[in-house]
Amino acid sequence: MDGIVGSLRLGWNALLFEEDAYEEMAASTSPVVKGLIFIVVVGVIIALCGLVGTGLEWASIPNLGEIRDTAFFYMKQMPFWDAIAQEDPMALEQFEEWYQRGWDIFPRLFGAPDVGSAVLGIIMIPLGLVIRWLIYGLLAYVFARWLGGSGSLSKTLGVLALAVAPQALNVLTIIPFLQVGSIVAVWGLLCAYYGLKTAHNLSWTRAAWVTLLPFILVVAVLILMGCFGSAILGVALGGQS
Amino acid sequence: MSAMLNTLLRTITLDDSAYQEWRERPNLFLRGIVLIAIVILVAGLIVFAVNLVNLVRAPDLGQIEEQIRQGFEMSSRFNPAMQNMPPEVQEMMDTMIELIVPMVSDISSIEAPLPRGISGLFQATGAYLGRVLAALGGWLFYGALVLIAANLLGGSAKLPHFLGMTSLYIIPGLLAVLRPVPCLGYLLALIGTIWSIVVYIKAVSIATDLDAGRSILAVLAPFIVLFLLGILLSVMGVAWLAIVL
Chain A
1 MDGIVGSLRL
11 GWNALLFEED
21 AYEEMAASTS
31 PVVKGLIFIV
41 VVGVIIALCG
51 LVGTGLEWAS
61 IPNLGEIRDT
71 AFFYMKQMPF
81 WDAIAQEDPM
91 ALEQFEEWYQ
101 RGWDIFPRLF
111 GAPDVGSAVL
121 GIIMIPLGLV
131 IRWLIYGLLA
141 YVFARWLGGS
151 GSLSKTLGVL
161 ALAVAPQALN
171 VLTIIPFLQV
181 GSIVAVWGLL
191 CAYYGLKTAH
201 NLSWTRAAWV
211 TLLPFILVVA
221 VLILMGCFGS
231 AILGVALGGQ
241 S
Chain B
1 MSAMLNTLLR
11 TITLDDSAYQ
21 EWRERPNLFL
31 RGIVLIAIVI
41 LVAGLIVFAV
51 NLVNLVRAPD
61 LGQIEEQIRQ
71 GFEMSSRFNP
81 AMQNMPPEVQ
91 EMMDTMIELI
101 VPMVSDISSI
111 EAPLPRGISG
121 LFQATGAYLG
131 RVLAALGGWL
141 FYGALVLIAA
151 NLLGGSAKLP
161 HFLGMTSLYI
171 IPGLLAVLRP
181 VPCLGYLLAL
191 IGTIWSIVVY
201 IKAVSIATDL
211 DAGRSILAVL
221 APFIVLFLLG
231 ILLSVMGVAW
241 LAIVL
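Chains A and B supply the protein sequences, listed in that same order. Note that the working numbering gives residue 6 to position 6 of the first sequence, counting from 1, and the numbers run on in steps of one. Note that the working numbering gives residue 232 to position 232 of the second sequence, counting from 1, and the numbers run on in steps of one.
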């Protein structure tokens with residue numbers, strides 16, 4: 001319990017960019033374990049808060065199924081409905097199928113509260129945070145060493161776990177309809193910069209590059225994959241015509 | 001408390017000693033966060049109250065009906081395609097309008113499980129507090145970029161200290177509380193924005209020990225770079241689409 005409280009205290013200090021917090025984490029006996037516990041605790045807390053917020057949001061909006069059925073009831077009375085029914089009854093059946101499917105997909109895409117996903121978040125959010133932490137940590141470590149950093153991988157992962165601290169702002173999602181927005185990402189990036197600078201004894205310019213290079217690499221890979229994907233699709237479609 | 005308020009008010013008049021006093025206070029970064037949160041909450045109080053009243057009140061079905069009819073009337077008056085419609089199409093449109101009005105009314109009267117008062121309060125509060133987080137996110141993001149520019153121009157400051165200093169920019173934003181005032185509100189909000197930029201430049205100058213000219217450059221540089229980057233990405237996107245299509 002003391003370990004968890006100690007980690008949360010470190011997280012709070014890291015949030016305020018206090019270098020001591022990053023130094024303490026880097027110098028601790030098992031920064032990876034400490035970091036992992038911190039991330040899992042933060043992840044579970046924000047998922048639980050998100051679940052409460054999603055539940056309240058769901059209870060604050062009208063039933064989407066009722067809206068869907070009301071709109072459909074009136075649509076069936078519109079003049080075009082009869083005209084299509086006489087010409088092609090199959091088209092109406094297909095329309096109805098797409099209409100129902102659309103209502104299953106689009107509200108979720110546009111942020112309609114989904115209690116099921118929020119429950120799943122209790123597992124998926126901590127898991128996602130841990131996976132992101134490991135991948136980013138590994139890439140940042142490689143770039144830091146490349147640019148002259150002196151920290152070990154465990155130190156790097158330890159300090160980068162503290163960069164997850166701004167995720168704690170997501171506890172505010174307990175308030176329904178509150179959009180936390182980009183603040184978590186920006187603050188997290190700044191914490192990562194501080195952590196990497198401390199763990200690897202880097203100058204500010206090198207630390208900034210080490211912080212950004214993993215993102216630049218991922219974006220470059222995604223763009224390349226997008227280019228290849230669209231080129232392959234273009235060739236495939238061109239071959240068919 | 002009153003000493004701090006006095007310091008904050010003097011920063012608006014660009015009083016050097018006020019900036020120095022603020023600089024020497026402990027936990028400057030945390031103070032900056034609290035300052036921004038309080039100013040945004042105060043400045044948005046009237047908008048929050050108006051939103052709350054609108055969201056808590058039951059929808060006026062008569063007004064909704066009137067708005068839909070007015071919308072169709074406007075489009076039939078100004079859209080040439082709707083003016084020259086054959087009579088049978090016009091009849092079909094009229095029937096559709098007759099159905100759309102009750103459809104929208106029926107959908108508007110579907111109730112949520114929670115009473116309208118509570119769900120309205122949730123929605124208004126969510127939007128109200130969301131503005132604080134957006135302002136803090138923007139302050140962190142732009143502040144980090146300005147600090148990079150300031151460092152490249154020869155200045156130096158620690159990030160939390162720098163951010164704490166630049167948080168002073170928010171004080172003239174209090175003028176935004178008058179935004180709902182007709183005509184004058186927007187003018188006052190504009191004056192507040194310009195004033196905020198001036199306070200930001202002054203804070204950068206004090207925090208990084210740069211002269212006024214370099215501070216202006218450091219504050220404007222991220223905006224210029226982001227603007228040019230936006231143009232570059234748009235051009236690249238259009239070029240890629242032209243190649244693919």
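Keep in mind that the hints were calculated from the coordinates and are not lab data. As the structure is a computational prediction, the values presented were derived from the model and not from experiment. There could be a bad hint or two in this list.
[Said to hold, decoys possible] Lysine to aspartate or glutamate pairs mimicking EDC-like chemistry, simulated, CA-CA at most 16 Å apart:
#1 A:76 <-> A:97
#2 B:158 <-> B:15
#3 A:76 <-> A:96
#4 B:158 <-> A:88
#5 A:76 <-> A:104
#6 A:76 <-> A:88
#7 B:158 <-> A:19
#8 B:158 <-> A:18
#9 B:158 <-> B:98
#10 A:76 <-> B:98
Query raised in the report: Looking at the structure, which of the earlier hints fail to hold?
Result: 2, 4, 5 and 9
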